[in-house]
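S.K.: What follows is the residue order along each chain.
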Amino acid sequence: MHHRYIDRFAQGDSPVHRLDARAKLIAVVAYSAVVISFPRYAVTELAPLAVMPMAMLWLGGVPAWFALRRVLLLSPFVLFVCLLSPWYDRALHPAGFGSWRFEIAGGWLTSADIAAKFTLGVLALTALTSTTRFAWMLEGMRRLGAPSMLLVQLGFLYRYLFVLIDEAMRVRRGRDFRGAALAPAGRRLSAAGSILANLFVRTLERSERISMAMAARGYAGEWHGLNVLRFRARDAAFLAGVALYLAACRWPWLSAR
Amino acid sequence: MGDILDITDLSVSYGDGTEALHGVTLNVGAGERVALVGPNGAGKTTLLLAIMGGVKFSGRVAVDGMEMSSRTAHEVRSRCGMTFQNPDDQLFMPTLLEDAAFGPLNQGYPPAEAEARAASAIEAVGLAGLEHRSAHHASEGQKRSASLATILSMNVKLLLLDEPGGGLDFRSRRRLTELLAGRTEAMLMATHDMDMVHTLCTRVVMLDGGRVAAVGTVEEILGDAGLLGRHGLA
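Just so you know, the sequences run in chain order A and B.
FYI, the numbering for the first sequence is 1 to 257, going by the working numbering.
FYI, the numbering for the second sequence is 1 to 234, going by the working numbering.
Think of the hints as simulated: they come from the structure by calculation, not from any bench.
Treat the hints with care, as some may be off.
To be verified - Simulated DEER-style distance windows between Cβ atoms: (1) Gly23/B / Val201/A: 28 to 34 Å; (2) Gly229/B / Asn227/A: 55 to 61 Å; (3) Pro39/B / Gly174/A: 24 to 30 Å; (4) Ala181/B / Ala146/A: 54 to 60 Å; (5) Met169/A / Gly41/B: 27 to 33 Å; (6) Arg178/A / Val215/B: 41 to 47 Å; (7) Ala181/B / Ser190/A: 50 to 56 Å; (8) Ala116/B / Leu84/A: 56 to 62 Å; (9) Glu75/B / Leu204/A: 28 to 34 Å; (10) Ala181/A / Ala181/B: 49 to 55 Å; (11) His192/B / Phe177/A: 44 to 50 Å; (12) Gly145/A / Gly182/B: 39 to 45 Å; (13) Trp87/A / Asp16/B: 57 to 63 Å.
Unchecked claim - Covered stretches of chain A, as calculated for chain B (at least 3 residues, CB under 8 Å): (14) 129-142; (15) 152-162; (16) 204-214.
Unchecked claim - So these bits of chain A aren't anywhere near chain B, every CB distance computed over 12 Å: (17) Ser14; (18) Phe66; (19) Cys82; (20) Pro94; (21) Gly96; (22) Phe102; (23) Trp108; (24) Phe118; (25) Phe177; (26) Ile195; (27) Leu226; (28) Val228; (29) Ala243.
All C-beta atoms, glycine included, are put in the ideal place defined by N, C-alpha and C.
Can you build the whole structure from these sequences, using the hints too?
M.R.: Here it is in structure tokens:
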């Protein structure tokens, strides 16, 4: 299994890729806060918020299908909540598109709101992760004050997740090549348990070796990083633009209250 | 030629009572390249780990005159570097550059200098241009070279190499051999690759059952078919 599965476009070069990771992180966090801040029945007001992630994806050379596939891939997690909402909130609320006015159960509006916010959130995260190298993202988070231990864990997750998946696939292949498909369900289940236990032990052993490798290179509990990021004028301009855009999206709704 | 590594009466026992090493005494001179050979389970990796202070031991281990103990481990580790059998254990950072900079940063170099050292080490092992690549995107040969870069960047005097040519094809192994031949640091390499021993080393230490079975020049040890046969190497 290849790393490209998660960072397929992050190695590219575009105006968005060249932005400082901190600027993009701050922008996406602020964007998420604004998206969440809209009340649950204000579904149509969320529409202008699709512009920022779509623009980042487009300028970053990330195809729309790639981002939409991410949305679909993760959608089962919210689908359940969306389907349940109409059961709990049946009170009618006025709604409308342009001059067309009608009434709809609040639960449906809540479902649409959750789906819209989820989609916008995943699009923004995809835009961030597809235009920022993971190492630079970690460095950006470190420089923004994220806990060092969390970043170390994220770094290891990124580095070893695929090593572990590769290992699991090799072990599974070893099982399949010995006729596992023909074995009764009980034995297959037992073999699956053994594989999991085996992988767990291997992971533990690997963690010991990595710990030794770190100690051998002088690690004594304090994590140091390279200062590969440079915050330039264009990053400040980007953040200012995002701030204006988010204010423009949010302010009309606030002032109308 | 002064000794860069001096080991006297080194013994290592595991928690279950298994004696992995018993009374090992050996030395490596400055700039000398010594091969550590022996059958599987002979204690080669354990010996390298003991030198790095990675396992508890009795006896004396000194690197460049500094005796290894829990108090001096940090200082000793800045004088010698070890690459592991599996480069995936060695390369744990998101990019090769960060991996090569990990040691210098821990040695206290400022980020800019650590980065320069890392970039220089990566160039020295022939991986220039791949600094920002993840180890997962690198070939096995590139990972081996990058592993070496992670300790070269620390400017150590002794390289401890555990199966440096393991899993490499002929071309990658030859490239690695040429790279190691061009280095001036002392080396102690645990290996089954007799071609690499012939090309690189001047002396061989044979381990079997956790004990030193023989020490001699490459010709003396590898030319003795009876000795190799008795210790499962031929």
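S.K.: Against each hint, give a clear statement of whether it holds in the structure.
M.R.: Hint check results:
no., hint, verdict
1, Gly23/B / Val201/A: 28 to 34 Å, "holds (32 Å)"
2, Gly229/B / Asn227/A: 55 to 61 Å, "holds (57 Å)"
3, Pro39/B / Gly174/A: 24 to 30 Å, "holds (25 Å)"
4, Ala181/B / Ala146/A: 54 to 60 Å, "violated (44 Å)"
5, Met169/A / Gly41/B: 27 to 33 Å, "holds (28 Å)"
6, Arg178/A / Val215/B: 41 to 47 Å, "holds (44 Å)"
7, Ala181/B / Ser190/A: 50 to 56 Å, "holds (51 Å)"
8, Ala116/B / Leu84/A: 56 to 62 Å, "holds (57 Å)"
9, Glu75/B / Leu204/A: 28 to 34 Å, "holds (30 Å)"
10, Ala181/A / Ala181/B: 49 to 55 Å, "holds (50 Å)"
11, His192/B / Phe177/A: 44 to 50 Å, "violated (27 Å)"
12, Gly145/A / Gly182/B: 39 to 45 Å, "holds (44 Å)"
13, Trp87/A / Asp16/B: 57 to 63 Å, "holds (59 Å)"
14, 129-142, "holds (count 4)"
15, 152-162, "holds (count 6)"
16, 204-214, "holds (count 6)"
17, Ser14, "holds (16 Å)"
18, Phe66, "holds (19 Å)"
19, Cys82, "holds (35 Å)"
20, Pro94, "holds (51 Å)"
21, Gly96, "holds (49 Å)"
22, Phe102, "holds (52 Å)"
23, Trp108, "holds (44 Å)"
24, Phe118, "holds (28 Å)"
25, Phe177, "holds (21 Å)"
26, Ile195, "holds (20 Å)"
27, Leu226, "violated (5 Å)"
28, Val228, "violated (8 Å)"
29, Ala243, "holds (30 Å)"
When held up to the earlier numbered hints, the structure conflicts with 4, 11, 27, 28 and fits the remainder.
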